[in-house]
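Please work from the sequences and hints to get the whole structure.
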Amino acid sequence: MACGIGIGIARHSDLVCAVCPGCSSVAYGASEEIGPFRIKPNGTGLFLNKYSWNREANLLFLESPAGVGFSYTNTTSDLKTMGDERTAQDALQFLISWMSRFPQYRHRDFYIAGESYAGHYVPQLARKIVEYNKASPYPFINLKGILVGNAVTDNYYDNIGTVTYWWTHAIISDRTYKAILKSCNFSSTNISRFCNRAMNYAMNQEFGDIDQYSIYTPSCAAARSNATVLRFKNTLIRRRSFGYDPCTETYAEKYYNRLEVQKAMHANTTRIQYRWTACSDVLIKTWQDSEFSMLPTYKMLMKAGLRIWVFSGDTDSVVPVTATRFAISHLGLKIKIRWYPWYSAGQVGGWSEVYEGLTFASVRGAGHEVPLFQPRRAFRMFQSFLAGEPLPKS
129 MACGIGIGIA RHSDLVCAVC PGCSSVAYGA SEEIGPFRIK PNGTGLFLNK
179 YSWNREANLL FLESPAGVGF SYTNTTSDLK TMGDERTAQD ALQFLISWMS
229 RFPQYRHRDF YIAGESYAGH YVPQLARKIV EYNKASPYPF INLKGILVGN
279 AVTDNYYDNI GTVTYWWTHA IISDRTYKAI LKSCNFSSTN ISRFCNRAMN
329 YAMNQEFGDI DQYSIYTPSC AAARSNATVL RFKNTLIRRR SFGYDPCTET
379 YAEKYYNRLE VQKAMHANTT RIQYRWTACS DVLIKTWQDS EFSMLPTYKM
429 LMKAGLRIWV FSGDTDSVVP VTATRFAISH LGLKIKIRWY PWYSAGQVGG
479 WSEVYEGLTF ASVRGAGHEV PLFQPRRAFR MFQSFLAGEP LPKS
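Counted the way the working numbering counts, the sequence shown spans residues 129 to 522.
Careful, some of the hints might be misleading.
If you anchor each label on the Cβ, the simulated ranges turn out as follows [said to hold, decoys possible]:
hint	residue 1	residue 2	range
1	306	462	31 to 37 angstroms
2	474	313	43 to 49 angstroms
3	458	520	27 to 33 angstroms
4	520	262	35 to 41 angstroms
5	433	225	23 to 29 angstroms
6	316	414	20 to 26 angstroms
7	297	462	26 to 32 angstroms
8	259	420	19 to 25 angstroms
9	306	387	52 to 58 angstroms
10	460	416	29 to 35 angstroms
11	337	518	35 to 41 angstroms
12	311	484	35 to 41 angstroms
13	313	428	25 to 31 angstroms
Okay, derived cross-link-like pairs now, PhoX-like style, lysine-lysine, Cα gap no bigger than 20 angstroms in a straight line [stated by the list, open to error]:
hint	residue 1	residue 2
14	272	427
15	431	272
16	178	168
17	168	382
18	262	272
19	208	413
20	256	431
Everything labelled a hint here was simulated from the structure, so no lab data went into it. Note that CB positions come from ideal geometry on N, CA and C, so glycine has one too.
Next up, the structure:
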């Protein structure tokens with residue numbers, strides 16, 4: 129059962145559905161990035177987020193797939209059969225039910241936003257909606273566009289782009305870089321023992337104790353002992369907290385395990401006994417299907433006339449800007465506005481290039497969760513996205 133939490137009070141009538149990858153959209157999207165509140169240290173309460181995206185649009189945070197955050201299933205075996213296809217289908221069914229229950233939102237411009245592995249979730253859900261609208265348009269979902277950040281897009285380009293980022297940012301040695309390129313077949317879903325050895329050496333011997341999601345910010349000391357090694361994108365990464373305050377994930381887990389908070393949110397009404405966690409290790413370990421590349425879906429969505437923006441925080445080494453640029457380059461799109469610096473509050477906010485059917489933007493000084501690291505720049509980008517305008521040149 130999917131869980132959706134809506135937040136309104138926007139000046140405009142647009143509706144944006146935010147999803148997170150294998151983790152709680154409430155914990156990350158709503159509480160760390162784009163929601164109206166942030167969580168105080170040690171989970172003691174909330175404080176206002178000056179750059180909340182609900183100033184510009186109504187936000188719907190979707191806990192998807194089942195088993196993430198406050199979403200759940202009555203059938204335990206469901207957690208072992210989740211994958212891309214089922215996640216997209218369940219999310220579509222949730223939206224159909226939600227639109228039926230709240231018909232006042234049915235005809236509003238609708239957008240989907242997400243980051244990381246939501247680079248699959250978002251375009252896949254958009255594809256489902258386009259197909260649904262053609263087949264049975266009631267309730268019609270007025271999908272206008274998608275916005276994805278540091279997005280897992282294409283296995284080959286993601287992997288080669290990630291290793292290239294490591295080397296160009298002096299995280300790994302020349303020798304290790306060459307060993308990885310020689311031993312790893314990034315076009316294959318199977319990782320050889322030689323590739324595995326080279327990747328493990330890079331991360332265990334050369335990376336050091338850094339936050340891979342934001343290589344220039346400190347890691348959370350409280351989370352170090354609890355870090356777990358997970359399989360992701362055919363490589364091994366160490367799950368870390370992110371952000372200027374690197375312990376925000378710890379605060380979220382304390383806050384959302386408080387019974388009075390769960391009661392106020394009408395969450396965990398079935399009184400599930402295990403502790404609420406931000407991410408689901410079970411889903412990551414048992415994921416059934418994952419599309420090799422989202423590029424064909426991007427082409428389909430562009431043909432459908434959707435607004436597509438892809439952005440990238442430039443200090444993330446897990447799904448880095450190089451990976452995104454390699455993938456977009458492979459689309460071979462015609463350039464409408466050549467590469468230029470864009471500005472926010474008188475400073476360079478990043479760089480952008482506008483193509484026929486797609487806009488790319490980097491966000492300077494941002495890690496994997498762009499709105500957490502650079503909230504003002506992320507907010508300015510969101511304003512331009514909703515307006516359908518290029519990012520400002522001054």
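Query raised in the report: Which numbered hints does this structure break?
Result: none
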